[in-house]
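First to last, the protein sequences are chains R and D.
According to the numbering used here, the stretch in the first sequence is residues 312 to 622, in order.
According to the numbering used here, the stretch in the second sequence is residues 68 to 320, in order.
Check each hint, because a few of them may be wrong.
What the hints assert, rightly or not - Pairs of lysine-lysine residues, derived as DSSO-like cross-links and limited to a Cα-Cα distance of at most 30 Å, are as follows:
| id | chain 1 | residue 1 | chain 2 | residue 2 |
| --- | --- | --- | --- | --- |
| 1 | R | K612 | D | K69 |
| 2 | R | K531 | D | K174 |
| 3 | D | K174 | D | K69 |
| 4 | D | K312 | R | K507 |
Rather than coming from a laboratory, the hints here were simulated on the basis of the structure.
The primary structure of each chain is shown beneath.
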Amino acid sequence: MSVLLLAEIHNGHLQKDMLARALTALAPLGEVDVLLAGQNCNQAAEEARHLKGVAKVSVADDASLLHGQAEPLAALIKSVGAAYEHIAAGATAFSRNVLPRVAMMFDVMVLADVTCVKNAETFERPVYAGNAIQTVQSHDRVKIFTVRTAAFSPAGQREGEAAPVESVPVPVDPALSVWVEDKTIVSERPDLTSAKIVVSGGRGLGSEENFHQIAALADKLGGAVGASRAAVDAGYAPNDWQVGQTGKIVAPELYVAVGISGAIQHLAGIKDSKVIVAINKDEEAPIFQVADYGLVGDLFKLLPELTEKIG
Amino acid sequence: MKILVPVKRVFDYNVRVRVRSDGSGVELANVKMSMNPFDEIALEEAVRLKEKGVATEIVAVSIGVPQAKDTLRTVLAMGADRAILVHATDDVQQDIEPLAVAKILAKIVEAENPQLVIAGKQAIDNDMNATGQMLAAALGWGQGTYASALEVSEGAALVTREIDGGLQTLRLKLPAVVTTDLRLNQPRYVALPAIMKAKKKPLEEVALATLGVDIQPRLTVLSTVEPPKRQAGVKLHSVDDLISKLKNEAGVL
Ligand SMILES: Cc1cc2nc3c(=O)[nH]c(=O)nc-3n(C[C@H](O)[C@H](O)[C@H](O)COP(=O)(O)OP(=O)(O)OC[C@H]3O[C@@H](n4cnc5c(N)ncnc54)[C@H](O)[C@@H]3O)c2cc1C
Ligand SMILES: Nc1ncnc2c1ncn2[C@@H]1O[C@H](COP(=O)(O)O)[C@@H](O)[C@H]1O
Numbered sequence: 312m313s314v315l316l317l318a319e320i321h322n323g324h325l326q327k328d329m330l331a332r333a334l335t336a337l338a339p340l341g342e343v344d345v346l347l348a349g350q351n352c353n354q355a356a357e358e359a360r361h362l363k364g365v366a367k368v369s370v371a372d373d374a375s376l377l378h379g380q381a382e383p384l385a386a387l388i389k390s391v392g393a394a395y396e397h398i399a400a401g402a403t404a405f406s407r408n409v410l411p412r413v414a415m416m417f418d419v420m421v422l423a424d425v426t427c428v429k430n431a432e433t434f435e436r437p438v439y440a441g442n443a444i445q446t447v448q449s450h451d452r453v454k455i456f457t458v459r460t461a462a463f464s465p466a467g468q469r470e471g472e473a474a475p476v477e478s479v480p481v482p483v484d485p486a487l488s489v490w491v492e493d494k495t496i497v498s499e500r501p502d503l504t505s506a507k508i509v510v511s512g513g514r515g516l517g518s519e520e521n522f523h524q525i526a527a528l529a530d531k532l533g534g535a536v537g538a539s540r541a542a543v544d545a546g547y548a549p550n551d552w553q554v555g556q557t558g559k560i561v562a563p564e565l566y567v568a569v570g571i572s573g574a575i576q577h578l579a580g581i582k583d584s585k586v587i588v589a590i591n592k593d594e595e596a597p598i599f600q601v602a603d604y605g606l607v608g609d610l611f612k613l614l615p616e617l618t619e620k621i622g
Numbered sequence: 068m069k070i071l072v073p074v075k076r077v078f079d080y081n082v083r084v085r086v087r088s089d090g091s092g093v094e095l096a097n098v099k100m101s102m103n104p105f106d107e108i109a110l111e112e113a114v115r116l117k118e119k120g121v122a123t124e125i126v127a128v129s130i131g132v133p134q135a136k137d138t139l140r141t142v143l144a145m146g147a148d149r150a151i152l153v154h155a156t157d158d159v160q161q162d163i164e165p166l167a168v169a170k171i172l173a174k175i176v177e178a179e180n181p182q183l184v185i186a187g188k189q190a191i192d193n194d195m196n197a198t199g200q201m202l203a204a205a206l207g208w209g210q211g212t213y214a215s216a217l218e219v220s221e222g223a224a225l226v227t228r229e230i231d232g233g234l235q236t237l238r239l240k241l242p243a244v245v246t247t248d249l250r251l252n253q254p255r256y257v258a259l260p261a262i263m264k265a266k267k268k269p270l271e272e273v274a275l276a277t278l279g280v281d282i283q284p285r286l287t288v289l290s291t292v293e294p295p296k297r298q299a300g301v302k303l304h305s306v307d308d309l310i311s312k313l314k315n316e317a318g319v320l
């Protein structure tokens with residue numbers, strides 16, 4: 312069996328936590344080769360080769376791979392991946408953008424959001440906004456899939472010698488897209504998908520200014536900030552804070568939902584949280600059906616009080 | 068410029084689907100069906116491009132059961148000029164895999180020759196998030212997925228994408244495939260007269276066999292089960308109670 316795992320590099324930094332969690336998710340398949348694509352990946356390769364479960368690190372160094380554009384990246388994975396039986400990656404926007412493209416190049420299907428690798432050809436994944444879990448068997452020669460890393464614990468450091476690093480040739484960029492700019496926010500807060508604590512706000516917050524109260528509680532707890540779609544659509548919070556079926560999937564030890572009603576699409580993203588707390592003035596809000604602890608009342612009174620008394 | 072918009076008929080997003088007790092799938096037989104919400108956004112974007120004079124014709128395509136004609140009628144009412152139904156199955160329970168959908172769409176693209184395909188980012192039933200990317204690969208075109216802004220000019224599309232950590236802007240050479248995210252636009256409401264008028268717009272039906280695409284599934288669904296249920300917990304009466312529970316009972320603080 313052979314597995315190629317696509318790692319991610321953001322602004323020169325290996326997304327190590329996600330890689331380590333993906334390694335745990337893929338453990339049933341044995342050791343994996345990690346593919347790093349970008350420019351000046353030495354530091355990232357150095358970190359990756361020390362992780363448990365890594366057999367080899369392949370580095371593709373080229374300017375065309377710097378911004379994660381699907382066309383050059385897919386061409387690379389096609390050329391490197393031909394020798395593998397499995398090609399996997401974390402279920403992020405980055406990977407979901409590229410792996411289906413790779414799958415078509417191999418004439419195979421792709422599976423999104425795998426939550427369990429049962430064996431070399433059998434996988435579990437949620438469908439219908441998490442209202443059903445499917446077990447699917449793949450008949451394809453190469454199995455290509457993204458895994459939801461949030462629910463897995465990170466693999467530890469490797470014992471003994473570090474895995475070897477090799478450089479791989481980079482195919483010619485098909486030049487179908489030109490990168491113009493990235494507008495990303497570099498945050499001191501933990502990443503939403505791996506944070507131990509997540510505090511999310513919904514439409515109930517009413518404004519962007521009020522939404523700062525969510526961030527204040529999250530900061531006090533050392534957690535990440537999330538939002539419902541309605542809060543993002545209203546401009547209270549940036550796009551990539553959206554938690555749910557079509558946003559980020561989280562699995563923290565503590566999830567605090569403030570002014571969020573609990574629509575199916577939102578719940579799809581938080582079901583694996585260990586403890587859910589809900590603050591809502593509507594006693595009938597569906598969020599209370601999944602919350603371990605519910606506070607019924609006005610968030611503008613309860614939230615500042617909670618922030619003040621905690622810690 | 069011609070724009071192609073693939074639309075999928077899916078369960079209505081307000082419906083809570085039920086898993087069949089024998090594990091054979093979810094029950095779709097008597098469920099309210101609608102257009103995939105992301106495809107509504109795709110169509111709205113195409114219509115806006117036509118209103119701006121950038122696009123000249125909008126062709127919508129759906130692949131699946133004959134009932135998808137209803138979805139296509141709505142699409143025509145929203146402003147598509149023509150619709151094509153590729154009749155791929157009679158079984159409402161059968162989902163056509165993105166790989167097959169992309170191959171079928173590639174055939175339609177070859178025949179129709181659009182400059183731009185705007186698809187949804189994901190179908191809310193299979194949540195696969197794959198078809199647009201696969202179609203772009205099949206055609207050898209560039210792709211701009213998860214679009215939250217789109218500007219189209221002669222020969223190029225400027226796409227702002229929702230990525231991990233923020234936004235990215237790419238310039239795509241046309242023809243290209245774009246997939247929509249939630250923030251791209253707010254689809255318009257279709258009034259009854261538009262739906263009546265749309266009945267006169269052309270809706271072509273194509274038999275799968277004429278396209279020569281193999282749609283044999285690559286995946287077998289072995290079982291479909293309900294996820295573990297979360298229990299409703301307790302309602303507390305004060306912030307002090309909450310803090311005490313989180314510390315002493317849940318042990319998460
Ligand atoms: C295709 C599609 C994809 C979607 N994907 C997602 C997704 O990924 N994530 C997501 O979150 N949603 C998603 N949605 C949207 C989802 O259906 C809901 O519309 C959304 O989650 C509602 O957000 P909300 O709970 O913040 O707003 P609302 O439903 O409006 O709820 C606001 C809540 O705040 C409470 N409130 C108001 N004021 C106060 C106060 N002063 N004190 C206490 N409580 C107060 C109210 O009682 C109410 O329960 C999607 C929808 C579609 C169609
Ligand atoms: N059966 C289908 N018919 C038409 N378009 C489809 C079909 N399946 C998927 N699509 C398109 O591909 C997008 C992504 O779907 P998916 O890859 O299945 O998540 C949808 O939003 C549609 O635009």
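Going through the hints against the structure:
1. Using a Cα cut-off of 30 Å, the hinted pair K612 (chain R) and K69 (chain D) is violated, with the two alpha carbons roughly 54 Å apart.
2. Restraint check: the Cα-Cα separation between K531 (chain R) and K174 (chain D) comes to about 55 Å, which exceeds 30 Å; the hinted pair is violated.
3. Of the pairs offered as hints, the one joining K174 (chain D) and K69 (chain D) holds, with about 16 Å between alpha carbons and a cut-off of 30 Å not exceeded.
4. A C-alpha spacing of about 17 Å is found between K312 (chain D) and K507 (chain R), which places the hinted pair at or below 30 Å, so the restraint holds.
This entry does not satisfy hints 1 and 2, going by the numbered hints stated previously.
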